[in-house]
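2 protein chains.
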Amino acid sequence: MSFIPKSIEQAIEEFGKLPGIGMKSAERLTFYLLGKKNEDVERFGETIKKLKTGLRYCEKCQNFSTEAICGICNDPKRDTSVLCVVEDPLDLIALEKANTYRGLYHVLHGVISPVDGIGPDELKIVELIERVKKGGIKEIILALNPSLEGEATSAYILRYLKPVDIKITRIARGIPMGGDLNYADSQTLKKAFEGRGQY
Amino acid sequence: MSFIPKSIEQAIEEFGKLPGIGMKSAERLTFYLLGKKNEDVERFGETIKKLKTGLRYCEKCQNFSTEAICGICNDPKRDTSVLCVVEDPLDLIALEKANTYRGLYHVLHGVISPVDGIGPDELKIVELIERVKKGGIKEIILALNPSLEGEATSAYILRYLKPVDIKITRIARGIPMGGDLNYADSQTLKKAFEGRGQY
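Residue numbers (the numbering used here), protein chains in the order written: chain V, 1 to 199; chain S, 1 to 199.
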């Protein structure tokens, strides 16, 4: 595109690489920034540039952290006897925002997905098993997404943890709050019936 | 959000400021970048940081440019007797990609919109009129969007250019290619009939 300056072209290209952002959106975002103050655009760029600087995985829960042990694992108010296993840090954020769980986490950084070439070794499963074997944990809550890959990963983890004398649970599958039975798929309805609770 | 590192939080915040990107998308984009190589993330940041560096408006067409006169205005192969007036650089890009127009452009950088506090003085209308008065232009094509604001801006420009002895045209409004009469609004159908051409 010789009709636009190189810097604009490059920004469009970079935005276009992001997931869910097509060419048109990339153009729109770039020109939105062009209409912003220099300092705002530079701060945005600097923030992205430094995003990964100093980041590592927490040695305990494997979540992103700036320290060897993250804020949650270091929090004396958290219940260290419960471990919630999640697929990725976004799920952890969602759970933290829900403000309902006060135990610790373990982030797998993905699920087993042969199609994408992701096996158990690419995930933080060994770390989970070692962590559990160290003792002190009474319950493990598997909070993986109810997808094929999530179920397969749960099954894989279960195989290793079943021999250990620990309570293993999974989060409930059912109709989401505000949801509509009319629009729920048959699998969800099936799980909702199977998991029905008594008043 | 004390449970995530500051750099991640800031990136989510910055992404969230972009138009059409909500909190969830901002999180998803940030964690997408966290999964990318350091150098890729840094290049993205650097690109954004430098986006506006050295950019100015072309003295002739007012499009973004790194030089006083932009590539299009400087292109000896373009027809300097025709001027296409567009709202913003994105419209110019769309027209250039269509590869159908070989004249010059004039970018207004917006449309008259009293609701948003944008009057004629905020746009590059004075520059347009001065450019036309300098002579050499035989036709002006108004290619503003067929919105209320676009029409009002066209009307405003017309008032100043009518006295000048120049052919003034507008791009056709009608059914888009691949469109369906069934789904077209009545205004579009009206314009399509008014602008009908003979075989």
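Please note that the accuracy of each hint is not assured.
One copy or two, it doesn't matter: identical chains are merged, so the pair holds either way.
[What the hints assert, rightly or not] List time: in silico DMTMM-like cross-link candidates among lysine to aspartate or glutamate, alpha-carbon distance up to 20 Å:
(1) 50 - 40
(2) 162 - 151
(3) 24 - 96
(4) 6 - 185
(5) 167 - 13
(6) 17 - 46
(7) 6 - 42
Since the hints were derived computationally from the structure, they do not count as laboratory data.
Comparing the hints with the structure gives:
1. Taking the closest pair of Cα atoms, residue 50 and residue 40 come within 20 Å of each other both inside a single copy (15 Å) and across two copies (12 Å).
2. Proximity of residue 162 and residue 151 under a CA criterion of 20 Å is satisfied intra-copy only: 16 Å inside one chain copy versus 70 Å between copies.
3. Only between protomers do residue 24 and residue 96 lie at most 20 Å apart by alpha-carbon distance; the minimum there is 14 Å, versus 34 Å within a single protomer.
4. Proximity of residue 6 and residue 185 under a CA criterion of 20 Å is satisfied in neither setting, with 49 Å inside one chain copy and 39 Å between copies.
5. For the homomeric pair residue 167 and residue 13, neither the shortest alpha-carbon distance inside one copy (49 Å) nor that between copies (38 Å) is at most 20 Å.
6. Taking the closest pair of Cα atoms, residue 17 and residue 46 come within 20 Å of each other both inside a single copy (18 Å) and across two copies (15 Å).
7. Proximity of residue 6 to residue 42 under the C-alpha cut-off of 20 Å is found in both arrangements, the shortest distances being 17 Å within a copy and 18 Å between copies.
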